[in-house]
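Student: Next come the chains, spelled out residue by residue.
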Amino acid sequence: MLFTSYPFIAFIAILLFAYYLVPRRVQAPLLLLASCAFYAFSGWENLFFIAFTVLTVWAGGVLLEKNLIRQKERLAAGELSPEEKKAIREGEKKKRKRLLAAVLLLNLAVLATVKYLGFFLESVNGVFGTAFGTPSDWIVPMGISFYTFQSIGYLVDVYRGTVPAQRNLWKLALFVSFFPQLVQGPISRYGDLSKTLFDPHPFRFGVLRRGLLRVLWGYFKKMVIADRLAVAVIAMTGGKDRGGFALALLFLYTIQLYADFTGGIDITIGLAEALGVTVAENFRRPYCAVSLKDYWRRWHISMCSWFRDYLFYPVSTSRLMRSLTKGAKKAFGDKAGRKVPLYLSSLIVWGTTGLWHGANWNFVMWGLANWAVLMISQECEGLYAAFHKRFPKTEGFGWRVFAVGRTFLLVAAMNLFDCYTTLGGTFGAFFSIFDPAAWAGFEPAGLLSLGLSGADFILTGICVVLMFGISLMGAKGDVRDRLARKPFALRLVLVVLLLFVVLIFGAYGRGYDAGQFIYNRF
Amino acid sequence: MKRTKTILRIVCALLLFAGAFLLIQRLLTPKYVDGIVEGAFVAEYYREKKDHDVIFIGDCEVYENFSPAVLWRDYGINSYIRGSAEQYIFQSYYLLEDTFRYEKPDVVVFNVQSLQFGEAQSEAYNRMTLEGMRWSPAKVESILASMTEGEHFIEYLFPLLRYHDRWSSLEKTDFQYLFQTRTVTHNGYYMRVDVKPVESLPAVKPRGDYSFSDRAWSYLDKIVSLCQKEGVELLLIKAPSVYPHWYDQWDEQVKTYAEKKGVRYINMLEHTEEIGLDYTADTYDAGLHMNLSGAEKCAAWLGRILAEDYHLADRRGEEALAAEWDEKRAAYEAEIQEQKEKYGMA
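If you read the sequences in order, they're chains A and B.
Residues 1 to 522 (the working numbering) are what the first sequence spells out, left to right.
Residues 523 to 868 (the working numbering) are what the second sequence spells out, left to right.
Here chain B stands alone, though its shape is the one from the complex (with noise of 0.2 Å):
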């Protein structure tokens, strides 16, 4: 009897303790639906119907510089963008994985830009992408390949580890969105219609060296392999900026890589024209990435490479997914018309 009532006991201990860590954790943790959202991207994309044509993978560049409703409207290619900011290439390939545990694609694209980082660089940039996956071992494996140095994985395990100073800068949205959330991406394209033209551009700094690390080689090898494995055409591309540099001597290297590995690689940069690109028009940081105008014209322009080189088809006609996408370009057309508020633009 007593020993039933000592189990009883710890048993409620636990479960009042589990609940209240799970509260307190999700308090705790960062919201991402304001100010800086882009931790947020990678989560979203599991309240999607996984039935996409198109998965672009990568960083900043490509989340910003493509727009998915474009690609439907122009070409009724369904499409989704799984990147978030300075996404490291482990963290690409590991989030590639995570995506076919869903679905298979017919083409994934693949931004090279983050070929230049063999080691992750900040914890922050790590939280970003990783805390969003669902678990998995893909994810336990970035997330192994991400940390870095004080970095626990006890602490991406539960997260209140990390988060629990942030009890003195606890905002309204903290508490706002503690059972809920918000969607802030429009398939995983993050919107900005303003305006910052490129004016001037800091000098190229020479390197002292331009090869890329082997790890980082490594898992473009593992990205080559894994859509080989999958069955899924990849294609590699160096999406449009001015600004961080992209040297000549890069796109050397990834040039010959493609053509060894039989993969595709399209510079844009070296398409500037014939997308349309106008950086004093169509940039809101100077540069560094496009704004709607230009991410739409990206979109415009790569689709009809998707749509004729890869023979994709146009699916407008299918009916619960045009009913979808409708819902989906409405909230497009509404985020335009409130940023252009917010901007001035109206």
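The following block holds chain A by itself, in its conformation from the complex (with noise of 0.2 Å):
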């Protein structure tokens, strides 16, 4: 079930009456049958996927906190002398560092071969010569990435300590599956989510208005914008793609992919508030980055957070690192010695979230470029010090839109691998912007044979600069909540525009296929 189809909107006007119409103690098991139900809709085998996580991390939090509890009884039991507390503790913890690879282990099984069976047969056939049959039929779960994720974090957290263990298998079944999120995430921190999640919500008009107006302005940069962006984008990628074209592909994909990503994430949000339900943000303003790392910090953010605590950190202080740092040093001296952990530390997370995003080589190619350009800057950025030192007005605004521009034209370059299946798809492209014969006979009036009218460029033209000005308006405070000090007639009027423009610009109906958000492939 598609957000921009009309029975998810019918679902979500349905569950909403529902919602606040039942007694309070009943809406958090509505929000888990709708949420089964939605699933159910992307095919109602996926749901044993789903609930194979749900009861696997539910018995693995369940059992990690009783063996913490356990622990605790057998330390506090009599006088135990410290070596015999240190004892109990190391091989209670070594019980729980089992179960919790085991329940890992489990799910990422799972998810490998649902995912990228397929990818790592067809390579290691690709490389070894073998004919290994490829199961080319399979269709990956919906948001199985995105459950599988926020269900480790749950677990690893558990493990850690840093959040009590979900007994109540419904909750935590809800937890997984709390529908919005379940197409392109974001992917929840337990702790975060269930402060609201699970707690009875009694009907606000203000907060379903709220809710309602950020899922509004979701519809508009999804269906408006990247929607009918993506009709050129099509085009382009499947064969007008060379010299002017490909220029105009690395810059109408990016818009594409922002209007898509963060209206689709506007819509979650929304939706969730509107359900009284507070869903962490994941982006700020990620386009005004002034280098790549900025821009990391400010794209998918729980995704890169996710990345952080659960994959870098970890691999970054492990033992074998450790080891690793050690040899280094001997090798190449102390300064050389101490960067190895954060750079294959790194490389391990980006060369994962590549793969993450989708399973092939452009994906993997995508994160090592992605890796590559973060350690080429940190490594620089004792020339960069020197840079602004020397020349301290390049500290200004002036040097700022150029860091931004310059970062935006990275990361759009780097959106290319997104674009297309193959390497050879992604490098033919990129390299023939550099290629005058590949402009040969190009005009800008080309871009019109892409499926776009010269009134669908004006209209998206400024609907983008409306993306972006309301963007850059958040950074001084919630739009929303600005909108909501104007006099009421403005606010009726501009919203009414809005559903408006929606509704008839919308990239909507027959002639356009582009429903399906990209986060959701991922």
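Please keep in mind that the hints were generated in silico from the structure rather than gathered at the bench.
There's no promise every hint is true.
[What the hints assert, rightly or not] Calculated pairs, PhoX-like style, for lysine-lysine (alpha carbon to alpha carbon, straight line, at most 25 Å):
{"hint": "1", "chain 1": "B", "residue 1": "Lys527", "chain 2": "A", "residue 2": "Lys486"}
{"hint": "2", "chain 1": "B", "residue 1": "Lys751", "chain 2": "B", "residue 2": "Lys777"}
{"hint": "3", "chain 1": "A", "residue 1": "Lys486", "chain 2": "B", "residue 2": "Lys524"}
Got two chains here, separate frames each, mind docking them using the hints?
Tutor: Laid out in structure tokens, this is it:
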């Protein structure tokens, strides 16, 4: 059930009505039921996959907590020497570690099988000339990467003792399957989401209105901008992708991706808000970033922080990494040796991030490209500092605009990996931008052959300016709060206007097939 | 107090939204008054005084091949054509149901050409027939029976959702006919006076299977039953056209069916000479449809059957109706002149 489909709108209308009509203690079960129904729309058999994750993670969490309690009881029972206490702690920790590893492996194995087995076998066949059959007809269960990572985050948090285990199976099931974020995240933390997810929520018109306004804004971004640009992007990646078209693709896809993903997250957060649930923000004006490092602090925040907390830190502080560092220090000296864990851990994180986005070499290359740029930037930090010291005026607004533009171009160039399924396709399009022969005969008017009319481009341009303008206004405080302080008549006109902009200019219905969210693929 | 204020604000918002929605929907929905006018035919019926002796039901082979003005002029028969482009048999059935909500004619003439389609073939044709219908259970069922893959009921309920992307192709007529419309047919008859003679015909392609679908038959059954239930005579016809080809095998099936059901069936293709049709002069598109001359000949020929065999009274003596037809005849003649000038035939 697509967010942009009529059944989904009907589903939401019915749910919101029922949600505030039923007794408050039934609200959370109703949300779980709605989440299951939503998920079943993507294929009822997918329910088995998510149920498996729920059951294993729930049992894992409960057992981990029981183990902690047992450890406390053992430590409290009788007088124990420090050595005995240490032995108990270590013994129980080892058990918890094994348990955690077992549950994580089980879930990662499911994810790896349904999402990566085909890619793995194809790669093996390619390298070794073997002929393993690849499960090409497998359909990856919707949102499996998102809910698996969210569940892993919860379990690791329980293991670390930062959150209590959820003993109520249905509550944990709701946490894992909460439908607004099933499609494309964000990857919520249990500690954050559980604060409001299970609570009863009395009907408050202001809360509903506020949430739905954000949903509407999300639909504006998704349907008016992203899905309209998708028509041109699909035409370009379908063959018109050389020279000027490649350059246009680079820009248009980057804007489409932003509108699509942030629009989807606006719908998610807005819906949750309308239900009284707070979901953490996932973006902070990413295209205002002055460097790639800055960009990754602003884009898909929940994913980046997940990789930081649950992969980068454990890997960089692991025993293996410590011994590697020791060896590297001996071989290359203290300064260079100290960088080994950072480089290696980052490499693992970015390789995994690439793979998380999709099971093909394009995404792996995309991840590695990010890693390379980040590492080079890190190494050049000294140079940058010296440059700014020598030219202090470069810290001003002009320099910032340059830095923002440079980062945008860099991100846009790397986004080309996302447009294609093969490295050849990506590099072919990218290098054609610098090939004068590929530009031969290109005229800007040629963009009108991409399925969008001049009026479409003008409309999209205006809407893109509006989208980024509102986003910039958000830096000075919540735009909805500011709007709420305006007179009722003005607010009403603005909201009705936005609604009609979506209804009239939205790229939906016959002739538009670009309804699926880009991040839904991941 | 605060609650009242909130409710008042919600009501204001809903009213503003509903008003703007209806206005914009009206603006963006095609008006069908220029160019493709077929989408206007079905709705025009509701502006009529509903007191017809004969109702024609079917596709282009009825709305282009029979002139109700001639039926009136020659026989005093008050008739109306409820047809639109490629009107499918299930749509004809529901249009008949819809017609019976307003009136009970003496005779219903149904053209069997549409038996060849068991399923709707095109959304555009669906829209042209269905959008003009007034809302009723018949319309709902007709939509449900007609929708092709990718069509949504809600887009019939709120056509704005279907036509929203016309924003970039709005024409002068969309504004001109925002609150009004003009009649484009003459009692459902779509007039063309120009001539494009039949010069050559494409070879008749043999078919692997000549049987009509069960669904098409079931709707013909429904039409027969409905007319019986309402006490209305049903006349099945195959209107004249030389292309697309009407196969003998199809004709046989309809004949057998008609005999079995006790319904009269006339294949007008078998009476071309008697009707006086001349395919070098009576068609405007090389044999697909009749022009004015052909439509008048067909109406004159069929009118005699309707008057004699179905004993339809000559109503030319009814003052009010005659006055109404005088106006219609004037409009009819005016358009003939207008079209003759347009096609350089004056």
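Student: Evaluate each hint against the coordinates.
Tutor: Cross-check of the supplied hints:
1. B:Lys527 <-> A:Lys486: 16 Å, holds
2. B:Lys751 <-> B:Lys777: Given pair Lys751 of chain B, Lys777 of chain B holds - Cα atoms ~22 Å apart, limit 25 Å.
3. A:Lys486 <-> B:Lys524: 18 Å, holds
In the structure shown, no violation is registered for any of the earlier numbered hints.
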